[in-house]
Structures are given as C-alpha cells and as structure tokens.
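Number of protein chains: 2
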Amino acid sequence: MKQSLDVLLACNAPKGEAFLDEIAGKNPLFICTIATTETGKIPGLSAAGANPDFTDFTPPADAELLLLGRCKSIQGVPITPDGIPTPALISTSALHLADIPVLIVNGGVKVKPQIPFVDLGGNSGRDIRSGDSVDNVDEVIERAKILGENLAKAADYLVIGESIPGGTTTALGVLSALGVNAAGKVSSTLPENPHSLKSEVVKAGLAAAKEKFGSLSKNPIKAISCVGDPMMPALAGLVIGGARQAPVLMAGGTQMSAILALIKALNPEALCNVAVGTTRWVANDKSSDIKGIVNQVCDVPVLVADLNFGGSEFPGLQIYETGLVKEGVGAGGACIAAMAKRGGAITRDMILKEIERNYALLMGIK
Amino acid sequence: MKQSLDVLLACNAPKGEAFLDEIAGKNPLFICTIATTETGKIPGLSAAGANPDFTDFTPPADAELLLLGRCKSIQGVPITPDGIPTPALISTSALHLADIPVLIVNGGVKVKPQIPFVDLGGNSGRDIRSGDSVDNVDEVIERAKILGENLAKAADYLVIGESIPGGTTTALGVLSALGVNAAGKVSSTLPENPHSLKSEVVKAGLAAAKEKFGSLSKNPIKAISCVGDPMMPALAGLVIGGARQAPVLMAGGTQMSAILALIKALNPEALCNVAVGTTRWVANDKSSDIKGIVNQVCDVPVLVADLNFGGSEFPGLQIYETGLVKEGVGAGGACIAAMAKRGGAITRDMILKEIERNYALLMGIK
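Chains as they are written, first to last, in my numbering: chain A, 359 to 724; chain B, 359 to 724.
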C-alpha cells in the first residue's frame, strides 16, 4: 500500500516502511500542542506572525483554524511578514479530507484559543537569554504522559504537531544543552535562516543558566527549564505516554529532533514506537539538516510528505517551493496521516486542491 | 451477547437492547464532566463532600481518582458526611478492569484538578436562588459540541458522566423551567431526599429570574443561565456533538433527564443516538423517579447496571444497598461500558472485587 503513497523515507528507511505499514488504513487522532515564548519575539528570529508581538496570536489562531476551519482570535489566518499563510492551512486541509479528529493541547500560551483545549498547567515561556525560560516542566510532562496514554487507548494512533513561534531557536537551545551538535542545522520560516543569531541567543541562555554545551545531557528537565520552551514538556510527555499504547507520529521539522533527544534522556523505550513526519521542504532544505540531527540522537525513522505546490495557481502557495515556512502545525505529518488513512485515495494533488480551496476562501480571493 | 451482561433495561427496552448490541465489544472513551455551583453549598442539599465547603474539592478529587487511581487535591477520597466513599471508586474500578481511557472536561470548577483536563471557557456556578447561575452558556455549548464531535471520531463511542455536588437541585431547576414535572422525582445522595428544600430553592430561583414552570421551554440556554449549573452546557454540548459521529451513553441518574430535556430543546435529532446508563440503586429508588422524568421528555432507553454490594465484606460499600449515594461520576455507565466491552468476561461480581481492592487500598483498610 505504501508504494502508492506520496511519502518518502529520509532516515532509517526500513523502520519507516514498517511504520507506514502499521498505520495504513488506521484512524489517528491529530493533536496540536500550542505554546508561546518571549524568545519568539527577538527581532529577526521567527516569521510565524506578521510582526514579533503578533506571534502571541499565531498558536491560538492556528488551533482555531484546525478545529473550526477559520480563526477567531485574528482576522484571516496567521501570515509571515511576506504574506505567506500559516502551514496550519495544509494540516487543516489534509485532516478535513481524511476526516481525522483534532484535539488541541495547551503547553503554555499567552492568548488562549477560543475553542476547547486541554490544559496541562503550563505557562507561556520567557526569553531563553534569561537562562530560566519554562516553569513547571516536570509536572507538565507527567500530566502530558497521562493524557497521551489515555488518548492513545481511544484512537488507533496519535499524530502530534506543534505551533510555537521561535521554536527552532529553543530547539537549538535544548539540543545544545543535551550535547547534540545542531548549530547551523535547525530549520527556519524565514527566507534567510538566521543561524548566527540563533547560536548567539542560545549561547547567552546557556551562559545565564551557568551551563554549557552538553552539560545537561543527563538532566533533560533542567535543559527545558533553562533554554527550552513550553511546547516541549507537553509534546515529550504526550509522546512518551502515547507510545506505551499505540504508534506515535511526531509531526514537525527540526524541532522534533529536540523532542527526540529529550525522550531519549527521559524514557528511551518510547522511541521504539515513534516516527517523525515532516515535509519535503524540510527534508530537502539546504539551510538546515534534520537528518544530521536525528541520526546523532537515535534511529527513529523520518517520513516525508512529498508535497509540491509548484503547480498551484496561487503565488502565496507556490512560494512554499522556494523554501519559505516549510513546515509547522504538523503539516507534513497531517498529510502523511491523511494519505495513510485512505491509501491511494488521497494524493498530494488532492491535498493541494483542498488547500487551494481553503486558501481562496480564507484569504477572500476570487 | 447482552443476555450475559449484568445490565437491566428500565425504559424503552427494545431501543435499549439495540443500543447494547451496538456497543458490544466496542472501545469507548469515558468522559467525566466536572463543575461546581454555590447551590451545592446550601445546607441540607447535597452529601457530595464531608461538609458544604468541601464540595469545591469533590469534582477535582473525583477527576484525579479516575485518571490516577488516587486523589491529589485531598487526602483519601471524597466521602459523604456519613463516611460513604465517592461513586468515582466504582467508575475507576470498572474502567480500569476494562482498560477504558478517560478524559476530564471542565464545565466550570472553583478548584482545578491536578491532572490534564479540557477547558471550555466555563466558570463555577452561582446559587440558583439568584436566578442568574451560569455564565457563558452558549459559548460553552458550542465548544463542547466541537470537542464531542472530534472525540467521537477517535473512539468507537462515548460514555459521559458528571461530578457536581448539588446537581439534582439544578436538574430540578432546569426541568421545571423547561416544563417537565420533576418535583419529588429527582434523586439524592442523602439518606432522606430533601425534596421540599429542593423545590423551595428552585421556586426562589425561578422567581428571582422572573420565570415560572415551563416559561423557558423554548429557551434552554436561558434555563441553564438562570437556574442550571455549569456541568449542563458542557455535557449537553458533548452529547450533541458526539452523537453526530457515534453512539453516546449518558452516564448518570436523574440529572441526565435534565440534559435530555435540554438536548430535546436544542438539537432533538441527537437523541436518536443516545442512551442513559445508571445504577440499580437509582432505577429502583423509591424517593425518586428517573423513568417518570425520562418518559415525559423522550423515548431514549435507560440501561441499568445491576450492581449489588450486599455481599461486600466492607460496611462502607454494603451501605450502597440502603440507597445512599446511589450514583455519580458515571458509575452506572462506566460499569455498563466495561461489561459491554468485554462481554461476559467482566461481571458485576468482578467489578465489586476490584472496587473492594481499591477501597481497601485508598481508605488504608487492612
């Protein structure tokens, strides 16, 4: 069946094929973990919002789009400063096509979404340059484990994505604290990946926490507390709890490699039941290296949704082919799950048509 | 298969049998909707807590017991002033035996549980004698519908219970506002059902709201706002949304008849995919009349878990046979779902053994 899917295998292909076989025809629950961090407001770091202060509204708006097909907390949909729409548009379209249910989990946001969401007792994160960025990490992990385990008993398997502006910088922070060489390897929403700015921010955070590269390799909770973000304890806990009961597809780009490194330090046995699902734009990105990070951490497979917007009638979607935005809100994993659920009956072209329909509707085009 | 289950049929037996056939062998998600109301603190009205102020802690403690097998917000477990343990002990034991997953939904509580829970934007309720008891009713219903629809896509079906001290009085309030004759018919946790006090409280609430018996029969949202409680919009919305996708077992006693009346006024088509599940102690109660209320509202079947604690070695459990507590936290529905999932492999005697084990453990006996 998998041969007919528009899904590529980037790392550990045999395990990736086995994972695709396991989820074929199955009915997952898609979970989007939302959070915000002041780190995302550092000028030049993130494009997940029309301007830095707007990033507080991006995760709740993404969550509303996923559940309602429209945003309530903002007009229209979240866009980059260049006008590129949120990848939640991709996730929403794929999930809708395959009739996949959605649940929102709040890791810690400043602006609460106007929809039902699961609370884990987390707060929005501080700037990691403080060296003290996330509260309540162990409690959020424990609550997320319980939630993940229960949800994975109800659904056939879990697909877990994220929406947090600035998340690749905090990913670099945690990977560095855990001793994984990720400098110059994390992805970006921006046209020019600001690697040196990200490294400076992480360096300042580690220094403020009186830590250095690899010094927290045995203390993942402290790594998150010092230089991480509030999406991390929620997502890591969900995966650990979920993987006890069912397969888990971690839907995201290089941020998911930080979650893999955290899980390896917290509960390595969970990694046996896990795959990462991302987009071709991340897998083929020349300014980042997801495979290079994942292969340092573990042998979890990386599945790649082979999307192509080159033939779209909309310039705002074509531009994804130039490497802007690339991924987020579980876009790649949502497409993989939709294709796996319906086998050859949902193709990348059908997903693009659905995205175009929603894009035109939401942007008021035509 | 149903013939072998310890389940009786109280109302609309042919529909009840069809419902049992439909859920046989299926894997549900159990949802407990928690809320609090100042109404529950009126002296003499509720026994869901060792004293009136303690009722704020009963729903979060029940929720913790369901998810963790122990309470965090209080020592031990919630008990009545007579020392009878919470019916959450029954639900927890049945769900654990059948490995049924649990999700907590917060309709509006004063004390938040120390576990993951879904937030719907609701607040704890005011005393219904104010005539203005619940905020944000329509928004909570809308959010609960979305949640119920998504969860019912993930699980085979939903079982939805409640924990709210004082809930039978607010049930009488809403039933009266909707024009259903329920005076003297709602159940009670107490040894002597305080029917006249409940009727006085409801009368005062309707008068304060400038309403009377039946005057809100076309306005269910206002009925909740004036003389209801915050569990109601959450539970009604969950059932309406859930029933679009899968069967829904409403797990509770006479309070569920108020939810049926609300659904009939809001979205009557949802009632086609619904049953009520309760305990024999409610169905056979001489001081209340669930059948008499349900039959006024609709032809939804009422399934009855044929539990019997008469043979228990623990006096605190035997006392359920005298008609104290009777039901709550979805106890009856949880037992029906556990028996239906595993067919004859889970009996009422096995459930009692598991309850006794947990009771001894949690109460520190032996």
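The reader is advised that the hints may include incorrect statements.
No copy labels: a pair is met if it fits in one copy or bridges any two.
To be verified - Below, a list of computed lysine-lysine pairs in the DSS-like style, where the Cα atoms sit at most 27 Å apart:
| hint | residue 1 | residue 2 |
| --- | --- | --- |
| 1 | K649 | K511 |
| 2 | K570 | K511 |
| 3 | K430 | K649 |
| 4 | K576 | K399 |
| 5 | K384 | K430 |
| 6 | K430 | K470 |
| 7 | K399 | K711 |
| 8 | K511 | K384 |
| 9 | K511 | K568 |
To be clear, the hints were calculated from the coordinates, so they are not data collected in a lab.
Now the hints, each set against the structure:
1. Proximity of K649 to K511 under the C-alpha cut-off of 27 Å is found in neither arrangement, the shortest distances being 31 Å within a copy and 34 Å between copies.
2. Proximity of K570 to K511 under the C-alpha cut-off of 27 Å is found in neither arrangement, the shortest distances being 40 Å within a copy and 46 Å between copies.
3. Taking the closest pair of Cα atoms, K430 and K649 never come within 27 Å of each other, the shortest separation being 37 Å inside a single copy and 42 Å across copies.
4. In this assembly of identical chains, K576 and K399 lie within 27 Å of each other by CA distance neither inside one copy nor across copies; the values are 30 Å within and 49 Å between.
5. Taking the shortest alpha-carbon separations for K384 and K430, neither the intra-copy value of 31 Å nor the inter-copy value of 36 Å comes in at or below 27 Å.
6. In this assembly of identical chains, the alpha carbons of K430 and K470 lie at most 27 Å apart whether taken from the same copy (11 Å) or from different copies (26 Å).
7. In this assembly of identical chains, the alpha carbons of K399 and K711 never lie at most 27 Å apart, being 34 Å within a copy and 57 Å across copies at closest.
8. In this homomeric assembly, K511 and K384 come within 27 Å of each other (Cα to Cα) both inside a single copy, at 13 Å, and across copies, at 12 Å.
9. Taking the shortest Cα distances, K511 and K568 never come within 27 Å of each other, neither inside one copy (41 Å) nor across copies (48 Å).
Checked against the numbered hints given earlier, this structure breaks hints 1, 2, 3, 4, 5, 7 and 9; the rest are met.
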